[in-house]
Amino acid sequence: MLFIDQDTVEKVLAPSQAVKAIRQALASGYDPAQDFHRQAYNIPGGQFLTMPSATATATGIKVLTVNHHNADYEVERIQGNYLLFQGGSLSPVAVIDGAALTSIRTPAVSLSAISPLITDSSELLKVLIFGTGPQGRWHEKVVRDLCDNKREVLVTYVSRNRPHYLPEDAPAGSTRQWAQAGSDRAGLELSQADLVLCCTTASEPLFTRADVREDVMVVAVGSHTPDARELDADFLASGQVIVEDLETARREAGDVIQAVAQGALAYEDLILLKDCVTGSVPLKRTAPIIFKTTGMGWEDLVLAEEIYRLAC
1 MLFIDQDTVE KVLAPSQAVK AIRQALASGY DPAQDFHRQA YNIPGGQFLT
51 MPSATATATG IKVLTVNHHN ADYEVERIQG NYLLFQGGSL SPVAVIDGAA
101 LTSIRTPAVS LSAISPLITD SSELLKVLIF GTGPQGRWHE KVVRDLCDNK
151 REVLVTYVSR NRPHYLPEDA PAGSTRQWAQ AGSDRAGLEL SQADLVLCCT
201 TASEPLFTRA DVREDVMVVA VGSHTPDARE LDADFLASGQ VIVEDLETAR
251 REAGDVIQAV AQGALAYEDL ILLKDCVTGS VPLKRTAPII FKTTGMGWED
301 LVLAEEIYRL AC
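Under the numbering used here, the first residue of the sequence shown carries the number 1, and numbering increases by one thereafter.
Please keep in mind that the hints were generated in silico from the structure rather than gathered at the bench.
This one's a predicted model, so the numbers in the text were calculated from it and none came from an experiment.
A hint or two may mislead.
Claimed, not checked - When the alpha-carbon atoms are kept at most 20 Å apart in a straight line, the in silico SDA-like pairs for lysine to any residue are as follows:
(1) Lys20 <-> Pro282
(2) Lys141 <-> Leu117
(3) Lys141 <-> Ala100
(4) Lys141 <-> Gly295
(5) Lys126 <-> Val75
(6) Lys141 <-> Leu124
(7) Lys11 <-> Leu117
(8) Lys20 <-> Ile114
(9) Lys141 <-> Gln17
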């Protein structure tokens, strides 16, 4: 059985290739509604998560811990492994670093709904990322790889505290900068952003409808519990809201659940990711495009298969 570590994952699977694999799975007819449920268990100091999935060609399960006090132990917030089984024989064939898989899977899914809209222009793409942790940085990697040789990308990170890898005052011509949350500069960058990526652990909305452009694209990835949200109800009411799967959104997408509870949105209004990818529901650029993701097991399985194929 093959063990595939973080370095190998990053070496064999290009970010844009990960986006393509997610889109191809949906275009080929996979329906996320048939996927298994994520199981989450509260444990001392954090959470224990299992994410199983199965298709005609493979079966797999991701087992992770989420450490709420990781800084105290100098470890990553998310740790774990993915166990991949071959279709047919159902034999185990690989163990893949779970955090590495999650790191590339999450932004690949985020961009899967809107990648054609991002790559169909040669103009400067202004991206604002809430959150400066690993997921924020991975989302930047995927955006830049998608836009490579197609359009220039300017990324503004917004957080309460400046991370060590971002200068307080970016030099002229820099394609990466930082603004403090709540500052006038952050507000200005947000108002001009083409794409807003919410990659935080926030439980309350990060901005309002009045803070962003009429044609903004927004992806919210930070939460998968009913009581947490990064986007407010009024903003969701103003846009086209995409989810991976309806029942999963009903269980886990706090942004959507709370907007429905407040009467700002109806579950019938939601657009399914597979319908975006296949083109059966076209997206309009006259209103915000909003993708609320929670993460699902099938996405890990699709990329685990691809990583295994490339690593062999």
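Hints versus structure:
no.	hint	in the structure
1	Lys20 <-> Pro282	holds (19 Å)
2	Lys141 <-> Leu117	holds (17 Å)
3	Lys141 <-> Ala100	holds (14 Å)
4	Lys141 <-> Gly295	holds (19 Å)
5	Lys126 <-> Val75	violated (32 Å)
6	Lys141 <-> Leu124	holds (16 Å)
7	Lys11 <-> Leu117	violated (27 Å)
8	Lys20 <-> Ile114	holds (12 Å)
9	Lys141 <-> Gln17	holds (12 Å)
Of the hints listed earlier, those the structure fails to meet are numbers 5, 7, in rising order.
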